[in-house]
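Chemist: Listed here are the chains, written in short residue letters.
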Amino acid sequence: MDYNWNWAIFGELSPDGVNTYWQMLLSGLGWTLATSLAGWAMALLLGTLVGVARTLPQRWLRLVAGGYVELFRNVPLLVQMFLWFFVVPELLPRAAGDWLKALPQAPFVTAVVCLGFFTSARVAVQVAAGIDALAGGQAQAALALGLTRGQAYRHVLLPLAVRIVLPPLTSEFLNIIKNSSVALTIGLVELTASARAIQEFSFQVFEAYTAATVLYVLVNLVVTAGMHAVERRLALPGTLGKY
Amino acid sequence: MDFDFDVIRRSWADVLLTGMTFTIKLTALAMLGGVALGTLLALARLSGFRPLALLAATYVNLIRAVPLVLVIFWFYFLVPYVAAWAIGAQEPVRVGAFWSALITFTLFQAAYYSEIMRGGIQAIPRGQLDAAQALGMRYWQCMGHVVLPQALRNMLPVLLTQTIVLFQDVSLVYVLSVPDFVGAAARVAQRDGRLVEMYSFVAVVYFLMCCALSAVVRRLQRTREASR
Numbered sequence: 001m002d003y004n005w006n007w008a009i010f011g012e013l014s015p016d017g018v019n020t021y022w023q024m025l026l027s028g029l030g031w032t033l034a035t036s037l038a039g040w041a042m043a044l045l046l047g048t049l050v051g052v053a054r055t056l057p058q059r060w061l062r063l064v065a066g067g068y069v070e071l072f073r074n075v076p077l078l079v080q081m082f083l084w085f086f087v088v089p090e091l092l093p094r095a096a097g098d099w100l101k102a103l104p105q106a107p108f109v110t111a112v113v114c115l116g117f118f119t120s121a122r123v124a125v126q127v128a129a130g131i132d133a134l135a136g137g138q139a140q141a142a143l144a145l146g147l148t149r150g151q152a153y154r155h156v157l158l159p160l161a162v163r164i165v166l167p168p169l170t171s172e173f174l175n176i177i178k179n180s181s182v183a184l185t186i187g188l189v190e191l192t193a194s195a196r197a198i199q200e201f202s203f204q205v206f207e208a209y210t211a212a213t214v215l216y217v218l219v220n221l222v223v224t225a226g227m228h229a230v231e232r233r234l235a236l237p238g239t240l241g242k243y
Numbered sequence: 001m002d003f004d005f006d007v008i009r010r011s012w013a014d015v016l017l018t019g020m021t022f023t024i025k026l027t028a029l030a031m032l033g034g035v036a037l038g039t040l041l042a043l044a045r046l047s048g049f050r051p052l053a054l055l056a057a058t059y060v061n062l063i064r065a066v067p068l069v070l071v072i073f074w075f076y077f078l079v080p081y082v083a084a085w086a087i088g089a090q091e092p093v094r095v096g097a098f099w100s101a102l103i104t105f106t107l108f109q110a111a112y113y114s115e116i117m118r119g120g121i122q123a124i125p126r127g128q129l130d131a132a133q134a135l136g137m138r139y140w141q142c143m144g145h146v147v148l149p150q151a152l153r154n155m156l157p158v159l160l161t162q163t164i165v166l167f168q169d170v171s172l173v174y175v176l177s178v179p180d181f182v183g184a185a186a187r188v189a190q191r192d193g194r195l196v197e198m199y200s201f202v203a204v205v206y207f208l209m210c211c212a213l214s215a216v217v218r219r220l221q222r223t224r225e226a227s228r
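Same order as they appear, the protein sequences are chains A and B. With my numbering applied, the first sequence closes on residue 243, and no number is skipped along the way. With my numbering applied, the second sequence closes on residue 228, and no number is skipped along the way.
It is possible that some hints are incorrect.
Calculated cross-link-like contacts (lysine to any residue; reagent style SDA-like; alpha-carbon spacing at most 25 Å) [to be verified]:
1) B/Lys25 x B/Asp4
2) A/Lys101 x B/Asp192
3) A/Lys101 x B/Gln190
4) B/Lys25 x A/Arg73
5) A/Lys101 x A/Gly30
6) A/Lys101 x B/Arg10
7) A/Lys101 x B/Asp4
Pulled from the structure, derived: some chain B residues nowhere near chain A, Cβ distances all over 10 Å [as the list claims (entries may be wrong)]:
8) Lys25
9) Gly33
10) Leu70
11) Ala132
12) Leu159
13) Leu160
14) Ala186
No lab work stands behind these hints, which were simulated from the structure alone. Glycine included, every Cβ here is placed at the ideal spot set by N, Cα and C.
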């Protein structure tokens, strides 16, 4: 069984006549990063809010937050992607739905919203666990000092909890980068989709997927190194993280 | 907007029975294969033979760095070539969607299961191994009779949680146009132009099944903690 290796394929012009295959791959990488970063921003914000809600004394708030997490955790990401892309525009008032479907970057917007909600449920679990891991005295001391509950969270609990949950948040960040590939099912031409397109146009299966794999691994390494630096900078003096 | 939820009644046998059977079969077989292979990978990573440990670590870290969709494409094209090479055929071998998907998910999940099993093995007190060796057991006897059964037992809830993730991930075989639960529903949805109804149906079924499964895992965990 022979396979005709041809790494020079990436320098060749793709069927669109403008870009080389290499440029196609890089554009895919760009969409992967843009989708992941925008989704991550949304997930951090929503996830922190829901995570905090899970630790509040109000029972109904905790229940709502728990339901939120269960909802986004128990439906496969692919199905959620289809719900946001095919179902939500139909459920909205006609004008809003048509506007959504006509957006020039509808797959990108949908993917960001979908990944944002999906990942926020995971972030919420981590944030709540981080707050729960703090000694109960922290919250009581903050309240005893006369801080309101909001101030206690903002100035005492969250800054401490964030440092505890940085490692799991790094994994979630790596996950959202990988998960963004599911958006190819709704037509977003991110990195995996670009590799598949290159393979379909050029028949160079192994070169296309190898290049995509190498890029994913590189992004992984950069993110891991970056988060490591953040972790080191934020480590609390006097804990095992700081030496 | 007019909805026609009757489409679910008309197609449920095809979608829910045939599609879901495919999904569950793939999940169950990939779990068994993945746990078995993952345990071997974990043992390889913990082995004193450095090259083997390095090879296993590279495999696990590589698989975990790449999205599942990309891995699905990789194996979809790789498996026919490897099969042709193995049996000395001239042309890539047609493997079929089910086998291709099963091999993909087994190899992919093995990397994740192996990390769970590695944690489980490392949590076994050193004295257990020493005692087994003192009884005259060889390496595989120590592992097979003393270490692995305990590791497997301790990690059961985590392994099951990972299996729920696998059950959801199997939906991604959609990209191979395989008639799993989502694939079968998508076919009906596109044929009848009933995307809203079919995809909502799929979401509800997944939601209920995964909630039930997680409840079982939670209960298992509670009874184990109580009995400890």
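Chemist: Determine for every hint whether it applies to the structure shown.
Modeler: Status of the hints after comparison with the structure:
1. B/Lys25 x B/Asp4: Since the Cα atoms of B/Lys25 and B/Asp4 sit roughly 30 Å apart, the hinted pair is violated (cutoff 25 Å).
2. A/Lys101 x B/Asp192: Answer holds: A/Lys101 to B/Asp192 is near 20 Å, not above 25 Å.
3. A/Lys101 x B/Gln190: Cα-Cα ~17 Å, so holds.
4. B/Lys25 x A/Arg73: holds, 22 Å
5. A/Lys101 x A/Gly30: The hint holds at about 23 Å.
6. A/Lys101 x B/Arg10: violated, 29 Å
7. A/Lys101 x B/Asp4: holds, 21 Å
8. Lys25: holds, 17 Å
9. Gly33: holds, 21 Å
10. Leu70: Incorrect as stated: the minimum Cβ-Cβ distance to chain A is 5 Å, not above 10 Å.
11. Ala132: For B/Ala132, whose nearest Cβ neighbour in chain A is about 33 Å away, the distance exceeds 10 Å, so it holds.
12. Leu159: holds, 18 Å
13. Leu160: Fine: 14 Å to the nearest Cβ keeps B/Leu160 off the interface.
14. Ala186: violated, 8 Å
Figure legend: structure checked against the earlier numbered hints; hints not met, in rising order: 1, 6, 10 and 14.
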